[in-house]
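Number of protein chains: 2
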Amino acid sequence: MNVVLLSGGSGKRLWPLSNEVRSKQFLKIFKLSEECGREVSDDAVYESMVQRVYRQIRAVDPEATVTIATSKSQVSALQNQLGQDVRISVEPCRRDTFPAIALAAAFLHDKMGVDGEEAVVVCPVDPCVDEDYFMAIKKLWELAQEGEANIVLMGIDPTYPSEKYGYVMPKTKDPVAEVETFKEKPDLETAKKYVEAGGLWNGGVFGFKLSYVLDRAHELMDFTDYEDLFAKYETLTKISFDYAVVEHEKSIAVMRFAGRWKDLGTWNTLTEAMEERIVGNARLNETCENVHVINELGIPILGMGLKNLVIAASPDGILVSDKEQSSYLKPYVDAMDQKIMFAEKSWGSFRVLDVKPESLTILVTLNPGHGMNYHSHQRREEVWTIISGEGEVILDGVCREVKAGDVICIPAGQRHLARAKTGLQIIEVQLGKDISVTDKIKHELA
Amino acid sequence: MNVVLLSGGSGKRLWPLSNEVRSKQFLKIFKLSEECGREVSDDAVYESMVQRVYRQIRAVDPEATVTIATSKSQVSALQNQLGQDVRISVEPCRRDTFPAIALAAAFLHDKMGVDGEEAVVVCPVDPCVDEDYFMAIKKLWELAQEGEANIVLMGIDPTYPSEKYGYVMPKTKDPVAEVETFKEKPDLETAKKYVEAGGLWNGGVFGFKLSYVLDRAHELMDFTDYEDLFAKYETLTKISFDYAVVEHEKSIAVMRFAGRWKDLGTWNTLTEAMEERIVGNARLNETCENVHVINELGIPILGMGLKNLVIAASPDGILVSDKEQSSYLKPYVDAMDQKIMFAEKSWGSFRVLDVKPESLTILVTLNPGHGMNYHSHQRREEVWTIISGEGEVILDGVCREVKAGDVICIPAGQRHLARAKTGLQIIEVQLGKDISVTDKIKHELA
Numbered sequence: 043m044n045v046v047l048l049s050g051g052s053g054k055r056l057w058p059l060s061n062e063v064r065s066k067q068f069l070k071i072f073k074l075s076e077e078c079g080r081e082v083s084d085d086a087v088y089e090s091m092v093q094r095v096y097r098q099i100r101a102v103d104p105e106a107t108v109t110i111a112t113s114k115s116q117v118s119a120l121q122n123q124l125g126q127d128v129r130i131s132v133e134p135c136r137r138d139t140f141p142a143i144a145l146a147a148a149f150l151h152d153k154m155g156v157d158g159e160e161a162v163v164v165c166p167v168d169p170c171v172d173e174d175y176f177m178a179i180k181k182l183w184e185l186a187q188e189g190e191a192n193i194v195l196m197g198i199d200p201t202y203p204s205e206k207y208g209y210v211m212p213k214t215k216d217p218v219a220e221v222e223t224f225k226e227k228p229d230l231e232t233a234k235k236y237v238e239a240g241g242l243w244n245g246g247v248f249g250f251k252l253s254y255v256l257d258r259a260h261e262l263m264d265f266t267d268y269e270d271l272f273a274k275y276e277t278l279t280k281i282s283f284d285y286a287v288v289e290h291e292k293s294i295a296v297m298r299f300a301g302r303w304k305d306l307g308t309w310n311t312l313t314e315a316m317e318e319r320i321v322g323n324a325r326l327n328e329t330c331e332n333v334h335v336i337n338e339l340g341i342p343i344l345g346m347g348l349k350n351l352v353i354a355a356s357p358d359g360i361l362v363s364d365k366e367q368s369s370y371l372k373p374y375v376d377a378m379d380q381k382i383m384f385a386e387k388s389w390g391s392f393r394v395l396d397v398k399p400e401s402l403t404i405l406v407t408l409n410p411g412h413g414m415n416y417h418s419h420q421r422r423e424e425v426w427t428i429i430s431g432e433g434e435v436i437l438d439g440v441c442r443e444v445k446a447g448d449v450i451c452i453p454a455g456q457r458h459l460a461r462a463k464t465g466l467q468i469i470e471v472q473l474g475k476d477i478s479v480t481d482k483i484k485h486e487l488a
Numbered sequence: 043m044n045v046v047l048l049s050g051g052s053g054k055r056l057w058p059l060s061n062e063v064r065s066k067q068f069l070k071i072f073k074l075s076e077e078c079g080r081e082v083s084d085d086a087v088y089e090s091m092v093q094r095v096y097r098q099i100r101a102v103d104p105e106a107t108v109t110i111a112t113s114k115s116q117v118s119a120l121q122n123q124l125g126q127d128v129r130i131s132v133e134p135c136r137r138d139t140f141p142a143i144a145l146a147a148a149f150l151h152d153k154m155g156v157d158g159e160e161a162v163v164v165c166p167v168d169p170c171v172d173e174d175y176f177m178a179i180k181k182l183w184e185l186a187q188e189g190e191a192n193i194v195l196m197g198i199d200p201t202y203p204s205e206k207y208g209y210v211m212p213k214t215k216d217p218v219a220e221v222e223t224f225k226e227k228p229d230l231e232t233a234k235k236y237v238e239a240g241g242l243w244n245g246g247v248f249g250f251k252l253s254y255v256l257d258r259a260h261e262l263m264d265f266t267d268y269e270d271l272f273a274k275y276e277t278l279t280k281i282s283f284d285y286a287v288v289e290h291e292k293s294i295a296v297m298r299f300a301g302r303w304k305d306l307g308t309w310n311t312l313t314e315a316m317e318e319r320i321v322g323n324a325r326l327n328e329t330c331e332n333v334h335v336i337n338e339l340g341i342p343i344l345g346m347g348l349k350n351l352v353i354a355a356s357p358d359g360i361l362v363s364d365k366e367q368s369s370y371l372k373p374y375v376d377a378m379d380q381k382i383m384f385a386e387k388s389w390g391s392f393r394v395l396d397v398k399p400e401s402l403t404i405l406v407t408l409n410p411g412h413g414m415n416y417h418s419h420q421r422r423e424e425v426w427t428i429i430s431g432e433g434e435v436i437l438d439g440v441c442r443e444v445k446a447g448d449v450i451c452i453p454a455g456q457r458h459l460a461r462a463k464t465g466l467q468i469i470e471v472q473l474g475k476d477i478s479v480t481d482k483i484k485h486e487l488a
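Chain order of the listed sequences is R and W.
The first sequence maps to residues 43 to 488 in my numbering.
The second sequence maps to residues 43 to 488 in my numbering.
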């Protein structure tokens with residue numbers, strides 16, 4: 043099958059573990075169970091939503107082609123978690139799901155040579171599901187390939203009358219049925235009526251032939267091919283696939299799914315899906331009830347006498363919230379002057395250790411075999427102290443080997459990079475009056 | 043008047059803000075009100091218990107002689123908070139209050155030349171009180187100077203039948219009365235009876251003439267003078283002043299005190315005394331009730347929907363506790379493998395930024411005009427990057443001036459120190475296989 047995973051969102055609702063560069067799908071909070079059949083080392087027993095979904099798809103269909111549609115800012119994290127070879131349709135900026143799906147379709151057709159007659163299933167990257175979900179996705183892909191309907195959706199059998207989801211009303215109770223109508227997120231009373239009337243939650247999954255969505259895209263947007271659409275991407279109107287396409291389509295089928303399906307959009311729902319109460323260095327005394335802790339800091343957390351709380355700590359901040367209240371997190375996080383203190387990059391990661399008016403101290407971790415871009419800074423010097431590993435640095439074209447204990451002073455203007463042979467860790471002290479991530483000039487390596 | 047402040051305790055009950063080198067009396071959690079008449083800069087609006095008590099004594103009696111009796115490990119913090127000139131009777135190790143008071147008395151008599159006929163008041167450094175308490179202390183000192191009783195105690199008018207304090211039973215209801223008897227910490231029912239019978243809380247304050255306590259000391263311990271007692275200190279038996287002296291004395295008076303008096307031994311009582319709900323970078327949403335936050339980390343804390351909690355965060359760890367439950371903290375902290383991540387020293391402070399198997403990264407802050415001891419390490423090298431300020435370093439006897447941006451590499455075995463001209467901040471990376479605080483050799487500066 044051919045699957046496009048939509049990986050979106052800046053995920054402020056899961057602050058402080060998610061930030062502008064690390065969306066919730068990258069949080070490593072799911073314990074890898076032994077049934078996965080993978081060798082698990084001590085410090086790699088957790089996987090993220092995106093790693094889990096990627097693994098589950100391959101388990102169901104080892105031949106599946108998976109493309110991830112996402113913004114530029116997530117590419118490094120995806121490569122870090124799924125490997126350099128992961129197939130990504132990069133969105134130059136955020137333009138909602140219709141432009142994103144159109145771009146991914148053009149990418150598959152024009153760049154990957156996928157035939158217009160081949161079906162594609164688009165689904166969100168972040169549902170918490172079991173493998174039966176992806177068996178259903180495969181079935182849905184087959185239905186789309188058969189082509190009786192132009193679009194095939196997944197309808198989740200509701201377990202309660204939820205106000206959080208849109209509803210799909212099918213014409214019959216058959217496993218696959220024509221869609222009668224769509225309903226927006228209802229209030230509780232209306233939700234009850236929808237459920238009584240046989241309504242299903244809209245799971246945000248769309249199956250169609252590639253040519254179908256490309257035709258719709260050409261009707262609604264003026265572009266020639268993938269390159270052209272990519273170049274124009276910033277000028278496109280933000281519009282969802284539902285509004286742009288689904289609402290205007292007569293030929294839509296919905297396939298029922300009754301397995302585990304959870305939307306992990308808030309701390310409340312996310313902690314429900316966690317198999318362990320504690321991830322990271324934390325202890326809860328015996329009087330704690332229904333408390334979850336995720337601690338990404340190097341210091342211990344002690345919880346005493348707590349009820350129905352989530353505690354989440356990262357280099358970005360510390361959240362202590364009643365689980366119900368955690369749904370109302372976003373405006374408070376929006377109001378914060380939030381600096382990004384940690385990020386996964388394609389080559390490894392960085393973590394801010396200390397911030398001063400005229401200096402910034404960072405721990406840089408380069409994964410074995412990886413290196414940073416060749417670059418220079420105009421308004422800051424840097425001092426690197428290698429604290430572990432072996433590798434090389436290039437300074438204004440001159441290469442030298444480095445190992446733990448070496449110190450490299452990089453004046454402003456000097457082009458530089460570091461590459462890791464073994465995993466390389468560097469304490470980087472940035473010094474200057476005007477330190478900014480924007481002060482970075484990339485250079486070609488001669 | 044002549045006051046000896048007993049500054050004790052490792053303060054695990056206020057983890058993570060107190061640790062082995064930073065007792066609760068050093069926590070800066072009391073907002074300096076403008077009535078103090080001090081100029082207050084933006085980052086110095088809080089004072090610690092010890093600073094507050096020191097200031098209150100001077101306000102009541104500018105001529106007061108204050109001596110702090112404490113262990114070696116607290117000297118740096120005391121000098122940091124009260125200035126280099128603070129008078130300290132240093133205990134070589136902890137031996138409970140009788141040896142501590144005897145040593146302080148010998149210190150005053152033999153080193154400071156205080157006459158044996160002069161009265162001294164010994165009181166704990168950590169009660170939360172107003173200035174009227176020290177007016178009472180002054181009155182108590184005058185009573186001790188008059189010498190009608192050998193010991194004068196302070197009896198706190200009980201506001202409720204507490205199980206936490208020992209009781210003093212006076213013979214009469216007069217403001218100053220002879221003591222009938224002492225009672226250990228009672229259970230609730232017994233406490234009620236004591237209060238009904240006119241009992242007072244024992245405030246841990248003792249007034250006496252210096253010769254009185256020196257005589258008791260010579261009776262119970264074999265020593266000649268201060269130097270001798272100091273040299274023998276480690277061999278002394280641990281015993282409290284109450285057991286060793288008070289219980290055997292017939293001539294004891296108790297002076298009533300009915301003003302504000304709080305023992306701030308647990309988070310529960312400490313937060314009651316805080317004038318502000320939040321100290322440091324934190325926000326509580328409007329659904330929080332009776333929550334206190336003290337945040338010494340550089341990252342924000344957000345609390346949502348919390349009730350009756352204390353949140354305390356420091357480089358040592360993060361506590362989230364129900365206020366009642368916080369009294370049971372100590373065993374959990376004892377069970378932790380706690381590393382000291384932050385300490386105030388006489389010359390400034392340090393904070394651990396990163397810990398790796400073969401490296402340790404530290405932010406070192408040297409106060410203006412201060413310097414570290416001249417020392418070397420056998421099993422580690424150090425890389426210093428100066429991030430702010432100006433000063434000088436001495437390396438194997440060679441002095442050089444340093445400023446922000448300078449990098450100093452110190453191989454194992456090299457003698458070194460840094461001194462600050464202006465406030466000097468250094469990122470220090472320690473590198474070696476066996477990094478330990480014990481790997482430090484002090485040297486004389488030629």
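Each hint should be verified, as a subset may be incorrect.
Copies of one chain are not kept apart here, so a pair can be met inside one copy or by any two copies together.
Unchecked claim - Heads up, simulated PhoX-like pairs for lysine-lysine below, C-alpha to C-alpha not over 25 Å straight-line:
#: 1; residue 1: Lys463; residue 2: Lys398
#: 2; residue 1: Lys398; residue 2: Lys387
#: 3; residue 1: Lys280; residue 2: Lys235
#: 4; residue 1: Lys70; residue 2: Lys54
#: 5; residue 1: Lys463; residue 2: Lys475
#: 6; residue 1: Lys54; residue 2: Lys463
#: 7; residue 1: Lys114; residue 2: Lys398
#: 8; residue 1: Lys274; residue 2: Lys215
#: 9; residue 1: Lys445; residue 2: Lys475
#: 10; residue 1: Lys398; residue 2: Lys445
#: 11; residue 1: Lys398; residue 2: Lys70
#: 12; residue 1: Lys475; residue 2: Lys215
#: 13; residue 1: Lys484; residue 2: Lys251
#: 14; residue 1: Lys180; residue 2: Lys235
#: 15; residue 1: Lys153; residue 2: Lys304
#: 16; residue 1: Lys181; residue 2: Lys235
By construction, these hints were calculated from the structure, which means they are not laboratory data.
None of the values given here were measured: they were computed from a predicted structure.
Checklist entry - Should Lys70 paired with Lys54 be assigned to within, between, both, or neither, using CA atoms and 25 Å as the limit? => result Classified as within: same-chain Cα gap 16 Å, cross-chain 32 Å, threshold 25 Å.
Checklist entry - Is it within, between, both or neither when you check Lys463 against Lys398 at 25 Å Cα-Cα? => result Answer is between; shortest inter-copy Cα gap is 19 Å, intra-copy 32 Å.
Checklist entry - Given identical chains, is Lys280 near Lys235, meaning Cα to Cα at most 25 Å, within a copy, between copies, both, or neither? => result neither (32 Å within a copy, 76 Å between copies)
Item to check | Status of Lys445 relative to Lys398 across identical chains (alpha carbons, at most 25 Å) | outcome: Between. Shortest inter-copy distance 15 Å satisfies the 25 Å Cα cut-off; intra-copy 28 Å does not.
Item to check | Within, between, both or neither: Lys463, Lys475 at alpha-carbon 25 Å | outcome: Intra 33 Å, inter 21 Å, cutoff 25 Å: inter-copy only.
Checklist entry - Is the C-alpha distance from Lys54 to Lys463 at most 25 Å within one copy, between copies, in both cases, or in neither? => result Result: close neither inside a copy nor across copies, 36 Å intra and 44 Å inter.
Checklist entry - Checking Lys114 and Lys398: alpha-carbon separation at most 25 Å within a copy, between copies, both or neither? => result Neither. Shortest intra-copy (29 Å) and inter-copy (32 Å) distances fail the 25 Å Cα cut-off.
Checklist entry - When no copy is specified for Lys398 and Lys70, does a C-alpha distance of 25 Å or less occur within a copy, between copies, both, or neither? => result Intra 30 Å, inter 21 Å, cutoff 25 Å: inter-copy only.
Item to check | Status of Lys235 relative to Lys180 across identical chains (alpha carbons, at most 25 Å) | outcome: So Lys180 and Lys235 fail the 25 Å test inside a copy (31 Å) and across (78 Å) alike.
Checklist entry - How would you label the pair Lys398, Lys387 (within, between, both, or neither) given a Cα cut-off of 25 Å? => result both (24 Å within a copy, 21 Å between copies)
Item to check | Lys153 and Lys304: within-copy, between-copy, both or neither at 25 Å Cα | outcome: Answer is neither; intra-copy 34 Å and inter-copy 74 Å both fail.
Checklist entry - Within a copy, between copies, both or neither: where do Lys274 and Lys215 come within 25 Å Cα-Cα? => result neither (43 Å within a copy, 90 Å between copies)
Hint compliance for this structure: hints 3, 6, 7, 8, 12, 13, 14, 15 and 16 are not met, and every other hint is.
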